[in-house]
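Residues per chain, in single letters:
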Amino acid sequence: EPEVTQTPSHQVTQMGQEVILRCVPISNHLYFYWYRQILGQKVEFLVSFYNNEISEKSEIFDDQFSVERPDGSNFTLKIRSTKLEDSAMYFCASLGPGETQYFGPGTRLLVL
Amino acid sequence: RKEVEQDPGPFNVPEGATVAFNCTYSNSASQSFFWYRQDCRKEPKLLMSVYSSGNEDGRFTAQLNRASQYISLLIRDSKLSDSATYLCVVNSGSNYKLTFGKGTLLTVNP
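Listed in order, the protein sequences are those of chains A and B. Quick note: the first sequence, position 13, residue 13 per our numbering, numbers continuous. Quick note: the second sequence, position 28, residue 28 per our numbering, numbers continuous.
Worth flagging that the hints you see were computed from the coordinates, not collected in a lab. The reader is advised that the hints may include incorrect statements.
[Said to hold, decoys possible] Pairs of lysine-lysine, DSS-like flavour, derived with a Cα cap of 25 Å:
1. A:K57 to A:K42
2. A:K78 to B:K2
3. A:K57 to B:K79
[To be verified] Pair ranges (Cβ atoms, derived):
4. A:E68 to B:G93: 14 to 24 Å
5. A:Q64 to B:P10: 49 to 59 Å
6. B:P10 to A:G98: 27 to 37 Å
7. A:D71 to B:R59: 36 to 46 Å
8. B:K2 to A:R22: 26 to 36 Å
9. A:D71 to B:A20: 45 to 55 Å
Note that the Cβ used here is the ideal one computed from N, Cα and C, for glycine as well.
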């Protein structure tokens, strides 16, 4: 069964550093998403991506965040200058049949 | 009012028990409804979609009441492996973005 993959599984970084989180969505899916989950809190929508551009973004997705699909398979989330409050689990998802989103295993980001 | 609100829990039940989860949503324009489960430190995984007519998948039954903006999930004959956080999830906008409830933790005890 095809699945969404994410790398790395864990990332530790210093405040102010740039991080890039990588995702490979399911190959025939067209909509891609990033969500985050701060420890103990609910899963929150960050951004959706369709037809090689951002289709919607949340208030959380400020100028420090960017997304890219650099080739036909990877989908990346970049945080330009990380803050302590960016520490969270970041999930990538892609949209399949029945409007069902399939989530990757997540990247746990810790900003020190 | 929170967009998606769930029973805060946690629920602790013995094996074989029936357990019900309740959820309300605030956006009356919401189109699609789901229950996901999330194991500790893992990704959300789709348990089932929820349809207006109600739907059943084995021991799991989901109901939707659009007039009351209410969604429910019933688990019958609960198993140890059902222990997880159950997430009520709503698709209420364009671009199919999902809005999550905070989740209800279920622990099934032997």
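How the hints compare with the structure:
1. A:K57 to A:K42: With a Cα-Cα distance of about 17 Å, the restraint between K57 (chain A) and K42 (chain A) holds, given a limit of 25 Å.
2. A:K78 to B:K2: violated (29 Å)
3. A:K57 to B:K79: The hint is violated at about 39 Å.
4. A:E68 to B:G93: 14 to 24 Å: Holds, at about 23 Å.
5. A:Q64 to B:P10: 49 to 59 Å: Cβ of Q64 (chain A) to Cβ of P10 (chain B): about 35 Å, so the range 49 to 59 Å is violated.
6. B:P10 to A:G98: 27 to 37 Å: Taking Cβ atoms as reference, P10 (chain B) and G98 (chain A) lie about 30 Å apart, which means the hint holds.
7. A:D71 to B:R59: 36 to 46 Å: holds (43 Å)
8. B:K2 to A:R22: 26 to 36 Å: The hinted range 26 to 36 Å holds for K2 (chain B) and R22 (chain A), with Cβ atoms some 32 Å apart.
9. A:D71 to B:A20: 45 to 55 Å: With Cβ atoms ~46 Å apart, the hint holds.
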